[in-house]
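2 protein chains.
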Amino acid sequence: MSQNLTKPNSSFTSKRSPLCTSLFLIILVVVGFNTVHHPPRNPKNAILFQQLFLSSATNYTVSSYLRYLTSHPHLAGTKPSLETIHYVKTHFQNLGFETHTVPFRTLLSYPLHASLSMHFSNGTVFNLPLNEMGIANYDVSSSLIRPYHAFSPSGTALGKVVFANHGTEDDNDALRRMEVNVSGYIVMIKKGGGLGRGAVVEIAEKMGALGVLMYAEGDVSRDNFGSGVERGTVMKGVGDPLTPGWAGVEDGESAQLILEYLGGPLAPQEWRDSGRSNLSRVGPGPVMVNFTYQGEKKLATIYNVFAVISGLEEPDRYVLMGNHRDAWTYGVVDPNSGTAALLDIARRYALLMRRGWNPRRTIIFCSWDAEEFGMIGSTEWVEQNLLNLGAKAVAYLNVDCAVQGPGFFAGATPQLDNLILEVTEKVKVPDSEVATIYDKWTTINGKSNIERLTGVDSDFASFLQHAGIPSVDIYYGRDFPVYHTASDSFSWMINNADPFFWRHVAVAGVWDLLGLRLADDPILPLDYLSYAKQLQVYKDTLSRVLDDSISLTPLAASIQELTSAVKHANNETKNLMAREFTDHLLTLKIRALNDRLMLAERGFLDTDGIKGKEWFKHLVRIFCILLLGQI
Amino acid sequence: MSQNLTKPNSSFTSKRSPLCTSLFLIILVVVGFNTVHHPPRNPKNAILFQQLFLSSATNYTVSSYLRYLTSHPHLAGTKPSLETIHYVKTHFQNLGFETHTVPFRTLLSYPLHASLSMHFSNGTVFNLPLNEMGIANYDVSSSLIRPYHAFSPSGTALGKVVFANHGTEDDNDALRRMEVNVSGYIVMIKKGGGLGRGAVVEIAEKMGALGVLMYAEGDVSRDNFGSGVERGTVMKGVGDPLTPGWAGVEDGESAQLILEYLGGPLAPQEWRDSGRSNLSRVGPGPVMVNFTYQGEKKLATIYNVFAVISGLEEPDRYVLMGNHRDAWTYGVVDPNSGTAALLDIARRYALLMRRGWNPRRTIIFCSWDAEEFGMIGSTEWVEQNLLNLGAKAVAYLNVDCAVQGPGFFAGATPQLDNLILEVTEKVKVPDSEVATIYDKWTTINGKSNIERLTGVDSDFASFLQHAGIPSVDIYYGRDFPVYHTASDSFSWMINNADPFFWRHVAVAGVWDLLGLRLADDPILPLDYLSYAKQLQVYKDTLSRVLDDSISLTPLAASIQELTSAVKHANNETKNLMAREFTDHLLTLKIRALNDRLMLAERGFLDTDGIKGKEWFKHLVRIFCILLLGQI
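These protein sequences, in sequence, are chains A and B. Position one of the first sequence corresponds to residue 1 (the UniProt record's numbering), numbered consecutively onward. Position one of the second sequence corresponds to residue 1 (the UniProt record's numbering), numbered consecutively onward.
Rather than coming from a laboratory, the hints here were simulated on the basis of the structure. Warning: the hint list may mix true and false statements.
Straight-line Cα separation of at most 30 Å, BS3-like style, residue types lysine-lysine; simulated pairs [stated by the list, open to error]: (1) B/Lys613 to A/Lys613; (2) B/Lys574 to A/Lys613; (3) B/Lys574 to B/Lys533; (4) B/Lys613 to A/Lys611.
Please build the complete structure, drawing on both the sequences and the hints.
In structure tokens:
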């Protein structure tokens, strides 16, 4: 309860007294008095520092960080992960940053044993391998964890197999039309189709399936690396584990074998065309499989690592830059391409500080743990510091799988759209001396197609959906083939995604400039006009799906109200920008305006949350769930 | 959702554009630039304005406001109440304040018919009067409402009477010892004994009573005004009406009649001694009563009235000064002695403004409606503006029954203790030229016995218990005899409580200076050391009632943590006070410190609230419920 009486680092179990910071600042100021009267922040300096930052980019630092971090698997809660924690912490400390390590005890889930066998009517039994052929061993000497689904309950399923394509509602409807009922059978599902692991399992469970076997079909790029098998969590919700549906894992080759022996109706043409499998019929059976999974749930300690750069003028306003550190395997893409970028940004910020830079607002680097188990590290921390973050957090900038392949992608809450566009105009694309990310982005991906963070698939979830903090998520490339497999390793990165690490440098550049602008701009670069426009789009979509019995007039009215409020705020911004920031009253007016810009996103929070999923407080998400059926 | 993008008046359905204020301020500042550089707020000026305020006190203005407001009954939701709404609104407007009237539709409750008769074994029936003898008629011509309990369900109860003294758990235990079971009987209860109306009815209902007849026993002061009968609400909770227990009303004389005819065991000596009734036995019966109550619950429109004085330096920080306007009858004490004081403070603030005063922070005068039905007006408004108030409200200063009799009383959240003491040293007692309220208060009531606002009996409830806003409640005198009766009228005030209205002036003086200090002090006069001490007291009490199985070490630790955090904050305050407030950095440091002081109280809020009473979010209240069994 003393959080609000103390300073930014109150969010951590800090040894250092909050008073030090403040007294230190006071002394600074007093000194300032007797020497030269403190000049207001000079915009020119800010630009100089931004250029200095960009010029300090080096690919070898990033690659060395990444090589070390991914030298062995480091699953959350396991011993090998402690090394990466130590590495990140030491890196921050060596740069002279105030550093905090915040542990949490939490329930995690690990596999003990898994087996899969085919049973033929003639009594023949054929054991199928459950591993990643040619690339992995799971013996005790290796810290690599066998493919599994976290929080999957232990048990055995023996039954005939039904192939349900991607396991979506549509696919199950198709099965129904073929008069195939999955109830009492083991459902085999091919990854893809847009639904998350948990959702697919939930559907199968609902329809009475005995179990779910999921496989990722090999593609060309994957073949270069053997047939990796995806790990993942089937936990519902975030933060705290809940009872999951049945789940298992399977690799491509074994899947092919089972599919060959299916009878029953012919599979729809598109199901067969969609892959390279020799699938012809959907079952059930006649072949039976016996799938056994034995796992253990156990309390483990996870560690979030933080580095704090206290703001000189507004230490009580936070810009948070976060990435998770834990990985299913080696995590070269997911998540340590982001970690390497974060560590390099820290290096370059430290460089700026040696040249006299101090951020106006406090910057907090966040290195999360146990994201793969359901964003546990970030969620626990956000819940623990909800009041403090609600009052002080300006924005959360997330990077998870920083470099997956070609092309720049961004997701954000709409008030950050303009800032993202401005920043991408300042950063060069990896393979060019002239073209900016903005140029290429707009030509390749279509102008400013910034996605919305309505999903719950990385650490921005609790910041946005639970705390109502403006958020960003950026990455290079998407849908990389070795996702969550043992092939997500350094060799894959240098042979495929980013041989010279220029994509890492590019992501770091955008991420960093977003941070610099949000930390240094006297008036926060948040423009809610894009928000009003986005809400308008949602409303129009809604009006198309709803019948006339429900009036959208109140919604339209409040969007209109928001729009005019935004215009007022933007005018106020213009007027204040035009002034010199030396007057006591203007300083307070700017702070007040910034507070309004910061808190506006909180206005979308509903204290009651979403019916049945009360943890989710963000109305826009409720909206999207109603609208697009997102979970 | 646009609240946070707009200015203070965003909490009202305001016609005036929020931009006006801001632009106006900007222009002000620009003008300031070209003429003289804006000087910092000069503490000397503040003191001058405080003295000017005190010197502008007049008793005749207060009395004229009160006389008008109480010229007829003005129960919430009734036509006559509209006049008082108009009167308050016009008063604010004539003073040149930005004024808002915010209506709410809400469920209220009114009586249609009530009758009470005694039935003797020989068949004789005797109808008892249900009115306030000699002082009231309830015919259509009069706007005076008959005595009733709001939200009491309609119905008839016919049965033998049991006398349960004050209807407390102890009293019911006493009956049990006499082997008298109230189940199936009508319980007659004498007001007093410390429990609220609702609680008493709840207990009787739980024990199976058919109905409850409550009477206030005449005492000397009351006899001068006939036997008034208390009105009240038996609604459980605040804000929205819930199903109440059975309840009825009865006046002293009729009660005496019934008590005379009770048989059964002898009443305990103390029950008989405690009053002047001719009570000897507790029943049940032999006499039976037939009590019929017919009421209607109906949707009514209530009106909160606001006046806003925008802060010059921090318009986005609110000091709220509130009082309810609705009354059961004429409401000369409850609540319009407070309303008159509020209107006079407004008059005197307007005077200061004509002399060049502008508050640093925004002051909002609040005139609430439907408080008597369960703080409905204030609760609805706080719920509607929760986010905005949570981010911007510095304190809520409540005055309900401003003048009830002799002696100054105050309740507050502890961080306001010191301010209250300082302020009472500046205000003279009504009947003296020299002695201050502080002097007399400390001699009569014992030094600084500031009570805690753990009750839910006036409009501070939602501000403190639901929104976590530091709150104050002050009044002169307590436990006045005409509480909620038809005798709560102007003549009673001038003949008894405050003939020359100097007590009104005194309350207004304290209330006002609290407002001035909170609105003008560069650093908020909130000292959390008293809070830590108060928590320590609670903890010690708790440790006495708890057995050793429950460790209070964590609690002690966090109180210790709070104490040291407070000391840091107080040191910071001292350091900042010593500086001139001209530097950009210092201005921001002071704002940041003030934010921490303002938000610290919110730190006591628990998002889940009290189990079973989730609306109540304040942990200290949860604490007191556990500790003192308060509801």
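Verification of the hints:
no.	hint	verdict
1	B/Lys613 to A/Lys613	21 Å, holds
2	B/Lys574 to A/Lys613	47 Å, violated
3	B/Lys574 to B/Lys533	20 Å, holds
4	B/Lys613 to A/Lys611	19 Å, holds
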